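Visitor: Sequence:
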Amino acid sequence: MKTFSTKLTHTLMAATLALSLGSLSFSALARAPDGWSSGAYAYSAQNTPLRTVLADFASSHGVTLKLGNVPEATVNGRLRADSAATFLDRLGLEYQFQWFVYNDMLYISPQSEQISKRIRVSSEAAPDLKDALDGIGLLEPKFGYGELPDDGVILVTGPPEYVALVSQFSEQEKDYKTGKEMMSFPLKYASVSDREIHYRDKTLTVPGVATILNELLGKKNNKSAQGVKASGNGQDGLSQLSQQQADSILSSLIQSGDPHGSNDDFDDGKSGLNPLVSADVRNNALLVRDDPKKREQYQALISQIDVPQKLIEIDALIVDVDRHAMSALSANLGGSFGNITAGSTLLDGSSTLFVTDYQRFFAQVQALEGNGNASIVANPSVLTLENQPAVIDFSQTAFISTVGERVANVTPVTAGTSLQVIPRAIDNGGKSTVELIVDVEDGKLDKGDDGQATGDSRAVVSTQAQVQEKNSLVMGGFHSRETGDEEHKIPILGSIPLIGKLFTSTRHETSQRERLFIITPHLVGIRLTRRATSATSSAPS
Numbered sequence: 001m002k003t004f005s006t007k008l009t010h011t012l013m014a015a016t017l018a019l020s021l022g023s024l025s026f027s028a029l030a031r032a033p034d035g036w037s038s039g040a041y042a043y044s045a046q047n048t049p050l051r052t053v054l055a056d057f058a059s060s061h062g063v064t065l066k067l068g069n070v071p072e073a074t075v076n077g078r079l080r081a082d083s084a085a086t087f088l089d090r091l092g093l094e095y096q097f098q099w100f101v102y103n104d105m106l107y108i109s110p111q112s113e114q115i116s117k118r119i120r121v122s123s124e125a126a127p128d129l130k131d132a133l134d135g136i137g138l139l140e141p142k143f144g145y146g147e148l149p150d151d152g153v154i155l156v157t158g159p160p161e162y163v164a165l166v167s168q169f170s171e172q173e174k175d176y177k178t179g180k181e182m183m184s185f186p187l188k189y190a191s192v193s194d195r196e197i198h199y200r201d202k203t204l205t206v207p208g209v210a211t212i213l214n215e216l217l218g219k220k221n222n223k224s225a226q227g228v229k230a231s232g233n234g235q236d237g238l239s240q241l242s243q244q245q246a247d248s249i250l251s252s253l254i255q256s257g258d259p260h261g262s263n264d265d266f267d268d269g270k271s272g273l274n275p276l277v278s279a280d281v282r283n284n285a286l287l288v289r290d291d292p293k294k295r296e297q298y299q300a301l302i303s304q305i306d307v308p309q310k311l312i313e314i315d316a317l318i319v320d321v322d323r324h325a326m327s328a329l330s331a332n333l334g335g336s337f338g339n340i341t342a343g344s345t346l347l348d349g350s351s352t353l354f355v356t357d358y359q360r361f362f363a364q365v366q367a368l369e370g371n372g373n374a375s376i377v378a379n380p381s382v383l384t385l386e387n388q389p390a391v392i393d394f395s396q397t398a399f400i401s402t403v404g405e406r407v408a409n410v411t412p413v414t415a416g417t418s419l420q421v422i423p424r425a426i427d428n429g430g431k432s433t434v435e436l437i438v439d440v441e442d443g444k445l446d447k448g449d450d451g452q453a454t455g456d457s458r459a460v461v462s463t464q465a466q467v468q469e470k471n472s473l474v475m476g477g478f479h480s481r482e483t484g485d486e487e488h489k490i491p492i493l494g495s496i497p498l499i500g501k502l503f504t505s506t507r508h509e510t511s512q513r514e515r516l517f518i519i520t521p522h523l524v525g526i527r528l529t530r531r532a533t534s535a536t537s538s539a540p541s
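Residue numbers for the sequence shown follow full-length UniProt numbering, beginning at 1 and rising by one.
Treat the hints as calculated values from the structure; they're not laboratory data.
Careful, some of the hints might be misleading.
Simulated restraints, written as ranges between beta carbons of each label pair [what the hints assert, rightly or not]:
(1) ALA363 to GLY500: 35 to 41 angstroms
(2) PRO292 to PHE399: 56 to 62 angstroms
(3) LYS444 to THR506: 23 to 29 angstroms
(4) LYS470 to GLY500: 35 to 41 angstroms
(5) PRO149 to ILE197: 34 to 40 angstroms
(6) ASP450 to LEU276: 24 to 30 angstroms
(7) LYS470 to VAL410: 47 to 53 angstroms
Derived BS3-like pairs (lysine-lysine); straight-line CA-CA distance at most 25 angstroms [said to hold, decoys possible]:
(8) LYS294 to LYS180
(9) LYS293 to LYS219
(10) LYS470 to LYS431
(11) LYS310 to LYS293
(12) LYS310 to LYS470
Keep in mind it's a predicted model, so treat the numbers as computed, not measured.
Glycine included, each C-beta is placed from N, C-alpha and C at the ideal position.
Using the sequences plus the hints, can you model the full thing?
Guide: Structure below.
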């Protein structure tokens, strides 16, 4: 029969009961409710059955008792504990039973019935299932829990009812995930994989469709914004997609096909519920694992990215012109022919001009070359897609040794002429215009008296301009100065053996030259199939 020993005991029980009732809003937990960790609890028993003690405890704390095959035993004496949870722990230790609370129900079972179970779930869900169990209040820290993410397995140890609840929740989660399917989206024009261009000590990254889609789903860093940057006037596949269309399609992808009525699948990049996007480089296809109900939304987005692009041929002429001849050339071009539409001189610092009659301009350059006042360094040509970088690089690398007391370092130094162009076709009222984003670097290796490289000097120009088709963009301002001895001979007489030196003179001359970059874009057409762009380059021997 149950008795209460003192008035203090009744007071403590009443306080504990009030705390318990006040914490019912937190009672859907496998671990003890918050109110069970504070407030002392006492119980006096005289030959009271263990089942009765547990039933009284459950009744005083407002939970339903689900009692397993606990041993038939009687309880005697005054039992006191600092908290209700400690009271059950001490009682369980003495009478060999386990307990946990979930959904307003107190589960008690013998210690001997503890089991362990291997539960198979999807490999994506295994790392996040523990947080999910804790979030709904089912995870009990005092019971065993382990993960094998690579195998898609979790290990659970505890009372049979606890293991059954965890298994039931995990199986439901696994069934929900099995609704996903593999979907393949072949691409006709766009590249599914990233393209990396190694340019000097830089790496330019042109993101593929797989990277773009992963960014939209929040799976990766914004690599496309870090790669090749372009202005908002472009006609590339992704820029054709308006912001409202992108937001609408992405919103449909997030909200559709979720049986739980939430969009948590896309809230966290670590969530195992996220769709998976991969690139099939061999077939240039995009592979997506997600709810098949979202196929139309994926297809709508991809169809606006996978569009044909225009082919643009870039002709580049790199020429060195004597500064004295440059003055006459600029005057003729600006005054007589009028084929330079901006400015009339190339002598005042860095200049960017436009040539409307390239053939006449090139003929004058060839005439200067015949007189020794100009030299064509290179005349490369490259075919590329709009919004794709075309890189032309003529460089040489030297290794500079630095010797210390105990250390010797070898540092590579690269210098030369490089040209990077990103073209973009623009239709201005029926007139074809090409926008060019141009980066030019011109440099040379500095050498000491022993002929060894000691460093390098560079000049860099970066600009953006719009050029009408068949017109040319001229960039100047790269000055060089050469000093040397020039030998002059009288024709025929200067070549006679022995006495030829009498008709030969040597003059110390200083030559000042300016390097010009003439870039001419040509619209070739629209690429109908995905083909690799070809490039040809030629340089005078």
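Visitor: With reference to the structure, classify each hint as holding or not holding.
Guide: For each hint, the structure was consulted:
At about 36 angstroms, the beta-carbon gap between ALA363 and GLY500 stays in the expected band of 35 to 41 angstroms. With their beta carbons about 58 angstroms apart, PRO292 and PHE399 fall inside the hinted range of 56 to 62 angstroms. For the pair LYS444 and THR506, the beta carbons lie near 26 angstroms from each other, so the given range of 23 to 29 angstroms is met. Checked against the given bound of 35 to 41 angstroms, the beta carbons of LYS470 and GLY500, roughly 51 angstroms apart, lie outside it.
Checked against the hint of 34 to 40 angstroms, the pair PRO149 and ILE197 passes, with Cβ atoms roughly 36 angstroms apart. Range check, ASP450 to LEU276: Cβ separation about 60 angstroms, and the 24 to 30 angstroms hint is violated. Evaluation of the 47 to 53 angstroms hint for LYS470 and VAL410 yields a pass: the beta carbon distance comes to about 48 angstroms. For a cut-off of 25 angstroms, the pair hint linking LYS294 to LYS180 stands: about 10 angstroms separates their Cα positions.
At roughly 21 angstroms between alpha-carbon atoms, LYS293 and LYS219 fall within 25 angstroms of each other, so this suggested pair holds. Taking the CA atoms of LYS470 and LYS431, the gap is near 11 angstroms; set against the 25 angstroms cutoff, the hint holds. In summary, the hint linking LYS310 to LYS293 is not supported, as the alpha carbons are separated by about 34 angstroms, beyond the 25 angstroms threshold. About 16 angstroms separates the Cα atoms of LYS310 and LYS470, which keeps this hinted pair within 25 angstroms; it holds.
Against the hints set out earlier in the document, violations occur for numbers 4, 6 and 11.
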